[in-house]
Each structure stands twice: as C-alpha cells, then as structure tokens.
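Participant: Each chain is listed here by its residues.
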Amino acid sequence: MLNPGVTALVVGSIIVVILISYAVALGIKILRKWDINSTSEEQLSLERKTYLVSTLVQYTLGFEILSTLLFLYTADDIRYLLVGAMCAVGSLNANPYGFPTLYAKIATLFISGMWIAINYLDNSAEDFPLTRVKYKLLLFVVLFVLGESVLQFLYFLNINPDIITSCCGSLFSEESKGLASSLVALPILPNKIVFYSLLIISVVLGIATSKINKKPFTCLFSLSSFLFFFVAVVSIITFISLYFYQLPTHHCPFCILQKEYYYIGYPLYITLFGGCFLGMMVGIVEPFKNRLSLSTIIPQVQRRWSLKAVVCFVLFGMIAIAPMVFLPFSLEGY
Amino acid sequence: MSLERHRNILDYTLQALLRRKFKNIGIIIVFTSMISILGSIIFLSYSFKREATLILNASPELIVQRVMAGRHDLIQISLMKDILEIPGVRKVEPRFWGYYYDSLIKANYTLIAADEAVLRDNRLLKGHLPEPQEKNVTAIGKGVADARLLDLGDMFSLQSADGRWIEFKVIGIFESESDLLTSDLIIISTRDFKSLAKLPDGMATDLLVSVRNKVEAPTIAKKIKERFPDTRPLLRDEIIRTYDAVFGWRSGLILICFIGALTAFIILAWDKAMGLSAEEKKEIGILKAIGWETSDVLEMKFWEGIIVSLTSFLTGIILAYLHVFFLGASLFAPALKGWSIIYPSFRLAPFINPYQIATLLAITVVPYIASTIIPSWKVSITDPDELMRG
Amino acid sequence: MSDEIIITENITKYYNRGKPNEVLAVNDVTIRIRRGDIAVLMGPSGSGKTTLLSLIGCMSRPTSGRVMVEGKDVSRLPERFLTTIRRKTFGFIFQLLHLVSGVSVCENVMLPLCPTDTKPSKLRKRAEELLESLGMSGRKDFPVQEISGGEQQRTAIARALINDPDIIIADEPTAHLDTHLSGKFMTIMRGLQEKGKTIIIATHDPLVYEKDYVHLIFEMRDGMVKHITQRNDSLNKKVL
Numbered sequence: 134m135l136n137p138g139v140t141a142l143v144v145g146s147i148i149v150v151i152l153i154s155y156a157v158a159l160g161i162k163i164l165r166k167w168d169i170n171s172t173s174e175e176q177l178s179l180e181r182k183t184y185l186v187s188t189l190v191q192y193t194l195g196f197e198i199l200s201t202l203l204f205l206y207t208a209d210d211i212r213y214l215l216v217g218a219m220c221a222v223g224s225l226n227a228n229p230y231g232f233p234t235l236y237a238k239i240a241t242l243f244i245s246g247m248w249i250a251i252n253y254l255d256n257s258a259e260d261f262p263l264t265r266v267k268y269k270l271l272l273f274v275v276l277f278v279l280g281e282s283v284l285q286f287l288y289f290l291n292i293n294p295d296i297i298t299s300c301c302g303s304l305f306s307e308e309s310k311g312l313a314s315s316l317v318a319l320p321i322l323p324n325k326i327v328f329y330s331l332l333i334i335s336v337v338l339g340i341a342t343s344k345i346n347k348k349p350f351t352c353l354f355s356l357s358s359f360l361f362f363f364v365a366v367v368s369i370i371t372f373i374s375l376y377f378y379q380l381p382t383h384h385c386p387f388c389i390l391q392k393e394y395y396y397i398g399y400p401l402y403i404t405l406f407g408g409c410f411l412g413m414m415v416g417i418v419e420p421f422k423n424r425l426s427l428s429t430i431i432p433q434v435q436r437r438w439s440l441k442a443v444v445c446f447v448l449f450g451m452i453a454i455a456p457m458v459f460l461p462f463s464l465e466g467y
Numbered sequence: 004m005s006l007e008r009h010r011n012i013l014d015y016t017l018q019a020l021l022r023r024k025f026k027n028i029g030i031i032i033v034f035t036s037m038i039s040i041l042g043s044i045i046f047l048s049y050s051f052k053r054e055a056t057l058i059l060n061a062s063p064e065l066i067v068q069r070v071m072a073g074r075h076d077l078i079q080i081s082l083m084k085d086i087l088e089i090p091g092v093r094k095v096e097p098r099f100w101g102y103y104y105d106s107l108i109k110a111n112y113t114l115i116a117a118d119e120a121v122l123r124d125n126r127l128l129k130g131h132l133p134e135p136q137e138k139n140v141t142a143i144g145k146g147v148a149d150a151r152l153l154d155l156g157d158m159f160s161l162q163s164a165d166g167r168w169i170e171f172k173v174i175g176i177f178e179s180e181s182d183l184l185t186s187d188l189i190i191i192s193t194r195d196f197k198s199l200a201k202l203p204d205g206m207a208t209d210l211l212v213s214v215r216n217k218v219e220a221p222t223i224a225k226k227i228k229e230r231f232p233d234t235r236p237l238l239r240d241e242i243i244r245t246y247d248a249v250f251g252w253r254s255g256l257i258l259i260c261f262i263g264a265l266t267a268f269i270i271l272a273w274d275k276a277m278g279l280s281a282e283e284k285k286e287i288g289i290l291k292a293i294g295w296e297t298s299d300v301l302e303m304k305f306w307e308g309i310i311v312s313l314t315s316f317l318t319g320i321i322l323a324y325l326h327v328f329f330l331g332a333s334l335f336a337p338a339l340k341g342w343s344i345i346y347p348s349f350r351l352a353p354f355i356n357p358y359q360i361a362t363l364l365a366i367t368v369v370p371y372i373a374s375t376i377i378p379s380w381k382v383s384i385t386d387p388d389e390l391m392r393g
Numbered sequence: 645m646s647d648e649i650i651i652t653e654n655i656t657k658y659y660n661r662g663k664p665n666e667v668l669a670v671n672d673v674t675i676r677i678r679r680g681d682i683a684v685l686m687g688p689s690g691s692g693k694t695t696l697l698s699l700i701g702c703m704s705r706p707t708s709g710r711v712m713v714e715g716k717d718v719s720r721l722p723e724r725f726l727t728t729i730r731r732k733t734f735g736f737i738f739q740l741l742h743l744v745s746g747v748s749v750c751e752n753v754m755l756p757l758c759p760t761d762t763k764p765s766k767l768r769k770r771a772e773e774l775l776e777s778l779g780m781s782g783r784k785d786f787p788v789q790e791i792s793g794g795e796q797q798r799t800a801i802a803r804a805l806i807n808d809p810d811i812i813i814a815d816e817p818t819a820h821l822d823t824h825l826s827g828k829f830m831t832i833m834r835g836l837q838e839k840g841k842t843i844i845i846a847t848h849d850p851l852v853y854e855k856d857y858v859h860l861i862f863e864m865r866d867g868m869v870k871h872i873t874q875r876n877d878s879l880n881k882k883v884l
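Chains A, B and C, in that order, give the protein sequences. 134 is the number of the first residue of the first sequence in the working numbering; add one for each residue after it. 4 is the number of the first residue of the second sequence in the working numbering; add one for each residue after it. 645 is the number of the first residue of the third sequence in the working numbering; add one for each residue after it.
Isolated chain A (complex conformation) (with noise of 0.2 Å):
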C-alpha cells in the first residue's frame, strides 16, 4: 500500500506519536515536580515547559484535521483498488479497522481540543488552578493518538485488493445488515421531528446559558449539544443528504466531501463540530468553577462559547435546510 496518501498519513502518524509522546514525557514530570507557590529555579524551568506541551498539543490538533480529511481523501482514492468500492465508504467497509479509525480520529480530535480549551482556562488564572486536571487529561489524549495511529496503520496493513467489499449503496440500503443500513431503515418523519426538536432546543438552551449562566442551564446545554451530535450525524446518513445528492437512495455521509457536491460537506461538518464542541466545553468546565481564580473567568468564557456554538448550530441548521428549500428535490412519496 505505498500510496503517496497512505505514505504521508503513516508518516505524519509516526511524527505526532513522537512529539506527543514527548509532551506527555513533559508532563509527567510537570505534575511531580510542580508547586506554585515556590520561586526556585525548578519551578520556573516546569513554567517554560508548559508552553512547549501546549505548542506541542496545538500541533497534535492541526495534524489531525488535516489527518482527518486527508483519511477520508485517501480512502476515496483508493476505492479503485477494491471490488465493489465506489467511494470512500467501501474503502472504508474493506476490513474491519476503516470505520473505527475514522471514529478513532473524530475522538481525538475532540479530545485534543478540550485539552487545548482546559489549557486556555488554566493559563487564564493567576495559579494555574487546573495543572494537575491538565496533564491527567494529556494521558488519555496520548492514548487515543495512539490508538487511532495504530488502528489506521493495521487499516492500511490489512487492505486486500481481492476482497470484494460493499459500497455506499449497499451499505446505506434498507436490504443489507448492519448499523448502517439500521439508520437508513429509519422512519423519516419521527427523525425530522428529532432533529428539528434538539435543533431548537439546542439553541434556545445556549442563548439562555449566555445569559443565565447557572448550573442547571450550562449541564443542560452542554448534555443537548452533545445529544446533538449523534442525532444530527444520524440525520445526515438518514435523510439530509438526500437533498443534497438529490436522490432517495444516497445516504452517503462522505460524497458531500466531494467536488461534484461544491465541497457543501465541508462547512456543514465544520459548523457541526465546532458548535457540538464548544456546547460540551461549556459544561464541562462547570465543575472548576469552584475554583477561586477562575470563578469570574469561567462564567465570562462559559458566555461566550455558548454564543459561538449557537451561531455554529443555526449555521448548521440553515446549511442542512437550505437544498430542502431551494432544491426541487422532495423526499414525499418515498
């Protein structure tokens, strides 16, 4: 498999493992040697390395949304090589490590930015009140790079050119087995009402957080957001891109990746991500309010991220309307 793709993922894989690694190195020590409260020399070398795990994991992040699509990419491109592949699903469908990588990779990347939004907070304060929370996290981060690293280098490994694997098509029906093809059986009008509902919900809960900004609000929002992921990810697969591709049968998640679909897949994900994200940033935080240091930042940055995932979502919302309205495609009657 020395694709030029494949060569580039397993290198940059090898990389981020190293200086990942390398980071969670920095902060084991960090977190046995730290006291705030002293002024030696030691204290102040640990104070330096904490901008190079920081530097380090904001890389680790990058690397992975470019690693993310380039997977995707790269799958597509190598469906010729597989019977039956028509686009990256089949690729993916090839062996039993395609679709956990791809999982593995969105968890890591969401895992890398909650490391990156704590250490915003952390650096916020005057005492570094989440020091210890912080390089506990890094270990789990450390993890999934590695997992993820691991599961895409065996995806590669096991590619075999002779096993006829299933294509979108088949895979996204009602006839075949499996998850897939569950989500697709779904009955439409309940799962409009679904999406629609938490839709709302979501955005009415994160205004009200931005303005109300107690606890019942911020766990609420954030558990919704969260919620939201799935259903909207769900949604997708069920019937979203159907308006998209236009047809009753597409339930390809990926192929609005594509050119042929004006990219439209990007900023839908983006939105997506971006507001589920920092909807679950903003409860997840809720706990280090007790914080003194942080009692007044918490509440100002808790306002703020909710603004942002609201206009995320109502973003999201009006790019997974907007072929339902300006396209003549109607999902009635089938």
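A couple of the hints might just be wrong.
[Said to hold, decoys possible] Below, simulated DSS-like cross-link-like pairs (lysine-lysine); rule was C-alpha separation at most 30 Å, straight line:
#, chain 1, residue 1, chain 2, residue 2
1, A, LYS162, B, LYS275
2, B, LYS284, B, LYS24
3, A, LYS347, A, LYS269
4, B, LYS52, B, LYS129
5, B, LYS26, C, LYS732
6, B, LYS284, C, LYS784
7, C, LYS663, B, LYS285
8, C, LYS784, B, LYS24
9, B, LYS284, C, LYS732
Everything labelled a hint here was simulated from the structure, so no lab data went into it. Note that the coordinates shown come from a computational prediction; the quantities given were computed from them, not determined experimentally.
Let chain A serve as the given structure and place chains B and C on it in line with the hints.
Facilitator: Same frame as chain A, but now just chains B and C:
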C-alpha cells in the same frame, strides 16, 4: 477578536525575515527543490493514472484472449457466436492488433486494424482514420509522425511478415500530444493488417466483449473461462486496478527513496533552528525585555516556519507543475512509464486536485513545522533578565 | 491606601542557586517608592542595582520576599501575568539601549505594543507623537543604526513611553552620554515626573543623583541597601 495581535506579529515576522533573507535562502532553495521533485512524482503518477483510467473507461468491459502454453495466442473468430449466447453479453467484436519493430529508429509501434472499436475511441485527429476496407492508407500517432518526420500525404513503408515492403499513405495523424496511448499507434485497414501480418483466416488477436450490466462482468468472465478453458478473459476494472496499483506502487517506491532525502533535510532544518545567530538571540532578548511574552515569540517563530515552508511549497509545486505539464517530466518519466517506446516530446494533460496538494503538504510542510517546534520553544523562553544583566 | 507605588519586602535574589557558580545578587532589601517620586539606586558595579531594577520591573522573580507594584503582589506571578503588568505599568530604558538594528526609529518605538490588539495605525500615530515631543520627527523613518547616540537615546525613551507607563525604569542611562546630553536626559525625566510618572534610575553618575529634584537615593553595596536619602522633607535617614 484578537486578530490585530496576530496581524501585528505576522507583520513583524515578515519584516524580520526580509532583514535576514540570506540566512533563510539556503533552506528555502533546498526545501523548494525537494518539494518540486516530490510534487513532480505525485503529479506525474496521478496524471498517468487518470489518463489510463479515462481511456480504459471507454473500452468494453471484457477482453477475451487465447492462451497457448501460457503465452498470448490468436483467437478463433468463431468463438464470437458462442460468447454472444451467454446471457448478459451485448456485443462481441474481433480486434486485430500487434507490435511493429522499426529497425530504422529502433522503436516499437503498436499496430491496430481500424474497426468499430477503434473508430469509437478516436481522439483529436488531423485527417481521418482508414475505413475497414481501404487499402494502403494509414493514420499514425504523433510520436510516430515526429520520429519518422511524416506529415499528411507522405508515404510510409512497412515490412510484411513475408519480407515485402508495403507502402502506406498517411491520411491521418493524431494531434493530441497528451494522448498516452495514441502516440505510438499505426492504424491501417483490417484488410491491410491481415495481409501485412499474414494473419490466418478466421483468427483475430483478441475479442472485445460488451456487457449489458457491468456488475455482471465478473460472472460472464467466469462463464467464458469455463466454456473455453484456453481463453483468458480480462476485466477492464482489473486492468484499471492494475494500472492504479502499478502507478501507485511505482510512485510510492520513488517516494520512499525521497523520504530518506527529506529526513536529511528535516535534520538540517532542526539544526539550523537550534543554532540561532548571536544577532537573532539578541533580538529575541530585546523583544522579551520590552514586553513580549513567551507565547508571542513562539507565535513569531511559528509564522516564520509557515512563511518559509509555504513559500517553498508554493514555489515547489509551481515548478513541479511546469516540469510535468510543460517539460514532459523529462527528469523521470521513463522510470514511471516503464515502456521502451519512443516518446520524444510528451505532454500530459494538466491535472491537479486538492488531494494531491494535501498529500504533499502532509509529507513536506508538516514534518518541517514539527522540526521547528522544540527549537522555537527553546528560543522563546529566553530570560529577559539576561539582557538586563548583559 | 498608601500612594506607595513600589514596595519591596525583604527580597533576596540568587542566581544559579545550588550550583558552584551561585551568586547572591540582592540580599534582604526593603524599599518603598511613592508615586511621582524620582528614585535613584546608587552604587558601584556589582552592587545589585541592575538586579533590583529587574525585580522591581517585573523582569524576574525574587528567590524570597515580596514585591508589590501598585498594591499588587507580583512575586509569585506566572510569566504571562508578569508580562502583562510589565507592559501596562513599566517603561524600560536599558544601559545599552537595545534598539533593534535594521528597524526604523518609528518601528522600534512601536515594538513593545506590537503583540497587543492595538490597531497599527493608532500605534504608529502615538509613536510619531512621542517622537515629535522629543524632537525626533525628522528621523522617524531612519534605520536606528544610522542616527547619533543622543538620538538613539531619545528613541529608547520614546519606546519606553509608548505604552504610557506609570513607572519608568532607566539603567545607567547617562553612561555613554556626554555632559550636555546627560543634562538633557534628566530634563526629560523631570518633565515626565511633573506629569505624574514615577522614575527609578540606577546610576553612579553624580550628574544624575546630585539633582535636587531627585527625591530618594538608595545607596547599595554588595546587594544590600546601606543608606537611604530622602530629599524633599530634608530627612537624612541612615539604615544599617
């Protein structure tokens, strides 16, 4: 929104780089060369793949050849009737083709009889193709025309299987320089082909089988093999996959060789970043002393890395584009093409997509930026106090 | 609330603590400087003046003791916050000026506020105003290495003022200047003090500390303050 801050730092970084342009020029030149070579490899292999795929997509789903003692042999035309009876087969046509060795310029041409299949697939042609029953006329590829200095109306001699020299009038020349498969073609009428090659009656080189539903192609291929065990049905999709794999494999191999060179470059970049000049160190010390934070200096170093690498990247891919699509990739097309056929001046249709760019970025810019992280950090944590104490 | 803008309490600073080349630069120093004072740290080289300046000016943290700037304890602050305070409150004039070579006068002045959200046009305007008030408008686009020593010093002063600091710190400002320029420098400082700024100067130049408008003189030796002279209320206070 703190965009002003980022803009200001970026501004300063640009100015600082321009002040020290000679220091960075070495890195930029080396990096640009690496990227243009890697870019050439990737553009070339994708272009070939695409060309081959485009052409093959137009061909029928199955090619049936006869095999004798493991080697390709002529096939009986009478098999066409039997194959047509297989459910799902839409059409069967005989194909007449072979190779011709031109001892004058020591080159191999591909000789094809003009028939429906060839007529279907005709590309930019000056003149016209021979009709199936026409005598002593030929249409040739641009590569042949250039090599033998032929133009429309000229005479071209070919030696038949029994040693006679037969003259053909050139009535058509394929114009497209970008046509990989027509460049070395000689197309003559079916009659002429049979007499030139002394082809036995009732035999053809292979049979082209079109099917109604392409998903059925593997099934039909299996049936043909069962019924006629000495045949070899080739699936078009298999051919596409083979091309894909071969191009991918070849380009991957060359790429691997370059990874070694790239690694050396990354080490060089690291080394340079680590060893800052006294002047640069002083400048950063001053910045820290007058109020720049560690994160500000880190950002400045980040922008520096981005500017250097993106400049090299853009220049590199432009050079690669020019090299591949305007200069015919003269540097290493032979390694990728693998034929020993004449291709004196060869131009591919320009084809770039975001995937290739993203792949190139991931192989080049990403490792470069990674190599600058730790050196940048080391520099950014300069103690402002040190400057005070001189 | 006292109007003491700088208070240090028993501050000590070691360099290379625990290593063979350990140095005790500042030893148990307690000083108080009021808003609007012109204070001088006086002493021979190696007496700890520069280190004390860097501790007061939030450039480094003390090994022990407290430093209070405008009532806030800055001794244990992480670097990010220290820099914010330094950027907001202090303007530095270094002994060797430390202007960035190859960059113009105006841009040198703008540098301290470069990594902030100030609009570049506003920043430039402010820099030009400062340079004009110091008589430097004609030289603002010259590369800094092409102007005279005195002009370089005025550039350094302008740079120290770009963020409108409350406190100006100068380390041996007259060391490389002739009498005339030294006098000019002190005139500028006096002008700033009259506008409400606090000035702290480390020097061993009598042209500086013998000026009658200097309010406080801290005589330093071996990292300790040996004598404090307070001029305006004619009290001659001996310490140790």
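Participant: Does each hint hold? Answer for all of them.
Facilitator: Results of checking the hints against the structure:
Restraint check for LYS162(A) and LYS275(B): the C-alpha separation of about 28 Å stays at or below 30 Å, so the hint holds. For the hint linking LYS284(B) to LYS24(B), the alpha-carbon distance of about 16 Å falls within 30 Å, and the restraint holds. In summary, the hint linking LYS347(A) to LYS269(A) is supported, as the alpha carbons are separated by about 27 Å, within the 30 Å threshold. Restraint check: the Cα-Cα separation between LYS52(B) and LYS129(B) comes to about 26 Å, which is no more than 30 Å; the hinted pair holds.
Proposed proximity of LYS26(B) and LYS732(C) is contradicted: the alpha carbons are some 35 Å apart, above 30 Å. Distance check on the hinted pair: LYS284(B) and LYS784(C) sit about 25 Å apart at the alpha-carbon level, within 30 Å; holds. Among the hinted pairs, LYS663(C) with LYS285(B) is consistent with the structure: their alpha-carbon atoms are about 26 Å apart, no more than 30 Å. This hinted pair checks out: LYS784(C) and LYS24(B) have alpha carbons roughly 24 Å apart, not beyond 30 Å.
Under the criterion of a C-alpha separation no larger than 30 Å, the hint pairing LYS284(B) with LYS732(C) is consistent with the structure, at around 25 Å.
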